[in-house]
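A.B. asks: Sequence:
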Amino acid sequence: MRTSRSRGFTLIEMLVTLAIFAVLLMIAIPSMRPFLQSQSVKNASMDINSTVALARSEAIKRNTTVDVTANSATDWSRGWVVSQTTPAATIRKQPALNNIVITPSSGSFSFDGNGRMTSTGSTFTIKPLNKTGSQPLCLTVTVGSTGRVESTKVTCT
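For the sequence shown, full-length UniProt numbering assigns the number 1 to the initial residue and increments by one for each residue that follows.
Don't read these hints as lab results, they were simulated from the structure.
A quick note: this is a predicted structure, and the numbers were derived from the prediction, not measured.
For glycine and all other residues, C-beta sits at the position ideal for the given N, C-alpha and C.
Warning: the hint list may mix true and false statements.
Subject to a maximum C-alpha distance of 30 Å in a straight line, what follows is the list of computed BS3-like cross-link-like pairs (lysine-lysine) [to be verified]:
1. Lys-93 / Lys-131
2. Lys-131 / Lys-153
3. Lys-93 / Lys-153
So the derived label-pair ranges between C-beta atoms look like this [what the hints assert, rightly or not]:
4. Pro-95 / Leu-15: 40 to 48 Å
5. Ala-53 / Met-26: 49 to 57 Å
6. Ser-31 / Thr-3: 20 to 28 Å
7. Met-26 / Gln-135: 56 to 64 Å
8. Leu-18 / Lys-131: 16 to 24 Å
9. Thr-142 / Leu-24: 21 to 29 Å
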């Protein structure tokens, strides 16, 4: 008598494996939320940093004033635009950022043709929109008059 060899998985084995995977996934998802929030805050900080570098380098390259203007003067997370003043030209548009709030010290800043800010500097506070976890990450991004960007961890309020 010949016995046939079984190949593959049975339906029951597959369902048990999927059930175990689903339980592990349900355990892991809530613990990922604080991590994802802190990554959103860090990404927003890097977006501001790259925008400052771009605006400064374009001002020097074009030897003209380059403005960075928010779509909303009170919340930069709604996006911003980097543009040349004269002649008017848009250099880059930053789309809205989700699940964070960016509170600025002003609604815009500019770099002149020699790469220096036309104002004394700018400060941004970046916070997650719906804070979860015991200590959510909040950052203050300070742009100096020379274009130097510094990020500092602060206590979320």
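A.B. asks: Now tell me, hint by hint, if it's right for this structure.
C.D. replies: A quick look at each hint next to the structure:
1. Lys-93 / Lys-131: holds (27 Å)
2. Lys-131 / Lys-153: holds (15 Å)
3. Lys-93 / Lys-153: Given pair Lys-93, Lys-153 holds - Cα atoms ~27 Å apart, limit 30 Å.
4. Pro-95 / Leu-15: 40 to 48 Å: holds (42 Å)
5. Ala-53 / Met-26: 49 to 57 Å: violated (42 Å)
6. Ser-31 / Thr-3: 20 to 28 Å: Violated: the Cβ-Cβ distance is about 47 Å, outside 20 to 28 Å.
7. Met-26 / Gln-135: 56 to 64 Å: Roughly 24 Å apart at Cβ, these two residues miss the hinted range, so it is violated.
8. Leu-18 / Lys-131: 16 to 24 Å: Given about 34 Å between the Cβ atoms, the range is violated.
9. Thr-142 / Leu-24: 21 to 29 Å: violated (42 Å)
Against the hints set out earlier in the document, violations occur for numbers 5, 6, 7, 8 and 9.
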